[in-house]
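Undergrad: Take each chain as given, in its own frame, and dock them per the hints.
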Amino acid sequence: MKTVNEIKRPMAMKMDEMAAGAFHAMGTTVAIHAPQSVLWHALPLVQSLFIKWEETLSRFKPDSELSRLNDSSGTPVEVSPLLWTVLEAALAAAKATRGIFDPGLESQLRAIGYRADFETLDRHQPPAERRARPGGLWRSIDCRPERRTVTLPPGLRLDFGGIAKGMAVDAAVARLDARGLQPALIDAGGDLAVLSTPPGLGYWPVAVEGLDGETVGVIRGALATSGPSRRNWLQGDRRRHHLLDPVTGQPAEHALLSVSVLAPTCAQADVAAKTAWILGREKGPAFLLAQGLSGLFRGADARLIRIGDWPARAQGRDA
Amino acid sequence: MNASGERPSSNRERWLARVKRFKRGTLWLSLAGFSALCALSAEHLVGVTAQAANTPPASATTSPSPFFSPPANSQTGLGNGVQTVPQTVPTMPLTQTRVS
Chain A
149 MKTVNEIKRP MAMKMDEMAA GAFHAMGTTV AIHAPQSVLW HALPLVQSLF IKWEETLSRF
209 KPDSELSRLN DSSGTPVEVS PLLWTVLEAA LAAAKATRGI FDPGLESQLR AIGYRADFET
269 LDRHQPPAER RARPGGLWRS IDCRPERRTV TLPPGLRLDF GGIAKGMAVD AAVARLDARG
329 LQPALIDAGG DLAVLSTPPG LGYWPVAVEG LDGETVGVIR GALATSGPSR RNWLQGDRRR
389 HHLLDPVTGQ PAEHALLSVS VLAPTCAQAD VAAKTAWILG REKGPAFLLA QGLSGLFRGA
449 DARLIRIGDW PARAQGRDA
Chain B
27 MNASGERPSS NRERWLARVK RFKRGTLWLS LAGFSALCAL SAEHLVGVTA QAANTPPASA
87 TTSPSPFFSP PANSQTGLGN GVQTVPQTVP TMPLTQTRVS
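These protein sequence lines map, in sequence, to chains A and B.
Per our numbering, the first sequence starts with residue 149, numbered consecutively.
Per our numbering, the second sequence starts with residue 27, numbered consecutively.
Next up, chain B with everything else stripped away, as it sits in the complex (with noise of 0.2 Å):
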């Protein structure tokens, strides 16, 4: 059958007609084959993207190394942690931090 629903008349219009269903079915395949491509690619990224995530900077340490968390002195208070007031105060300085 032609595209109007005829029986094909001649040997070249059949052909003519298998021509076009190949040129279909290949458009599909194609199709079908960038999808599946595209998938894969994002699914690869998504991956790569939560490695990279997980990986700490070159520089960082991933947990607090023995010098940075001592044990506590419970005598001297030496160790015990670090607080501050949450924000910082209206209070005039008694002294003040400086470069060294």
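With the rest of the complex left out, here is chain A (with noise of 0.2 Å):
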């Protein structure tokens, strides 16, 4: 585990009392926000939880729980309260959005070559010579909730990825605020989460990233952000992403550079980013009205769409 735990003190009016710290966890940078007194208790308790969830979800460590459970497809295996919960999360989201966001394609990731904690992965990968399958057999997982045990159909393996790092901030939001320790923004790799606001200020002032004069005053909740711009890599001659279309288990194609999602909590926005960036311009945007959340669409010819509350452009901003 690499850890940052760096303290540094961010450049903002009315916030100078703010601080902030950092550790890698998850595949990501998580950093925390809120004020000196209390980042020195909460660093350590969120950066644990962090640690366990870890642990416990990656894929990418062999010896984790979720290995350990993909490692045994067609066999009943008990697993962890955190697993069932997080699974349980999984699927549900899976059937809100009608199977576009689908937690059974780590074997369609690793065979367009997300092998590897992608810090990591080698980004000019040899051609493919595997065809991906498509996804759903998230359908055909047998879970018994009394005693925990899930059954993995053969050929599925899972990969839960961006809701659990979602689920991860806001288990560590209500682990601070049962102690008391507030005001706080969590923020893991973009994907993040407040409790309370800044003293003085009101809200959390939050840039979208590529956008200049684009930030969102966050009260409450929760924002994610979903795109294929950071975690893209070569195999062979062809640019690959961790987006899957299901039905194809390819990476989806789209003229649609992000999709910010704001939500109640931060796996919803990100199971809805991901899920609205796959569905695209034409099909997003009603997804997320369905749902009752807000985003905002930023396409590949610079062209913004709001959807639902996403704040208005404040008059005199332009892009």
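Where hints are given, some of them may not hold.
[Stated by the list, open to error] Restricting the straight-line Cα-Cα distance to at most 25 Å, the calculated cross-link-like pairs of lysine to any residue (SDA-like) are:
#1 A:Lys200 to A:Arg281
#2 A:Lys200 to A:Glu165
#3 B:Lys49 to B:Ser36
#4 A:Lys243 to A:Glu267
#5 A:Lys243 to B:Pro92
#6 A:Lys243 to B:Asn106
#7 A:Lys243 to B:Ser95
#8 A:Lys431 to B:Arg50
#9 A:Lys243 to A:Pro302
#10 A:Lys243 to B:Gly107
#11 A:Lys209 to A:Glu165
#12 A:Lys431 to A:Asp457
#13 A:Lys431 to A:Asp449
#14 A:Lys243 to B:Ser91
#15 A:Lys243 to A:Leu285
#16 A:Lys209 to A:Arg281
#17 A:Lys200 to A:Thr299
#18 A:Lys209 to A:Thr223
#19 A:Lys431 to B:Ser95
#20 A:Lys431 to B:Pro92
#21 A:Lys209 to A:Phe171
#22 A:Lys209 to A:Trp188
#23 A:Lys209 to A:Pro302
#24 A:Lys431 to B:Gly107
#25 A:Lys200 to A:Thr268
#26 B:Lys46 to B:Ser36
#27 A:Lys209 to A:Arg263
Derived from the structure by calculation, the hints contain no laboratory data.
TA: Pasting the structure below:
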């Protein structure tokens, strides 16, 4: 586990009493923004939570509980409460998105070369020899709640990906709240949730990457962004990324740079952003509206589409 | 009577007059039929359009699913909704979203 644990003071007006601490976990940098006195206590609590979640749920660690479950397809396996909780949420998300969010695509991700933590992944890989299979096998996972027993169908391997990260953020927020450690903002690689608001400001100013002036004042809830611009690599001469269309088992193709979503929880925001990106500019907005969520679609042509209650552009501030 | 108000003088003229009346009748009948067809088609089209408008997109669910509307946790505040300042804010950002 690489740990950064750096404490730095952000440059922000009215935020001089705020500080930030960060560490590396779950394949990304996790940062906590809070007053110095809160951060001192919050950082180890959040870090220990993320370490436990990564050890349990990483598909890249051969000894994680998830890897053991993936290696036991066809056999009933009694799983821990943590893995059970995340699996339940992932299956609920799959149903809610009609399978667009598919937690059973680990084999397909491997087939296109996503075989290691992205920071250590070879970005120039040889051409693929295998064809990826479509998703949808998650519907055949057998879950027995009496003893938390899970049987994966042959051929299915789980990858929780972003939903596990979002749920870890939500759990960290709950852990801090239970100890009265607030205000705080927990940011796991851009998927973030807030607890209360910074003193003297009333909101958390969060910029959307790559858009000057698109700073959102988050008062309550979570914000997540999905897109292929960061996690992509070459397999032969084909550009690959991690957002798979479950219909084909291949990376979805869109002229969308990213989708940012505001939601009550970080897990919801992450799933909704990923789903909306895969659905694309035509169907994604209708999906968000149907779920009562708001978001920002950023096209490759620089066109922005604001959905629901996504903050309007303040007058006098151009993109 | 012919077009000039005179009684037709021959069988041929009477026959031509009948043909003219028949043609006029056919024309009016055709116009009436065409209008009725247009009205029916328009009604059908309106109905089809209205039906299409009520049909949700294939990819969208018609109502929020349980995953996206879980019961709020009054202790932690999680699930209690999301709230932002209605417009983008001029404050220097504390952090930024990152594509993941």
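Undergrad: Would you list, in rising numerical order, the hints stated earlier that this structure does not obey?
TA: As far as the earlier hints go, 1, 2, 4, 8, 11, 22 are violated by this structure, in ascending order.
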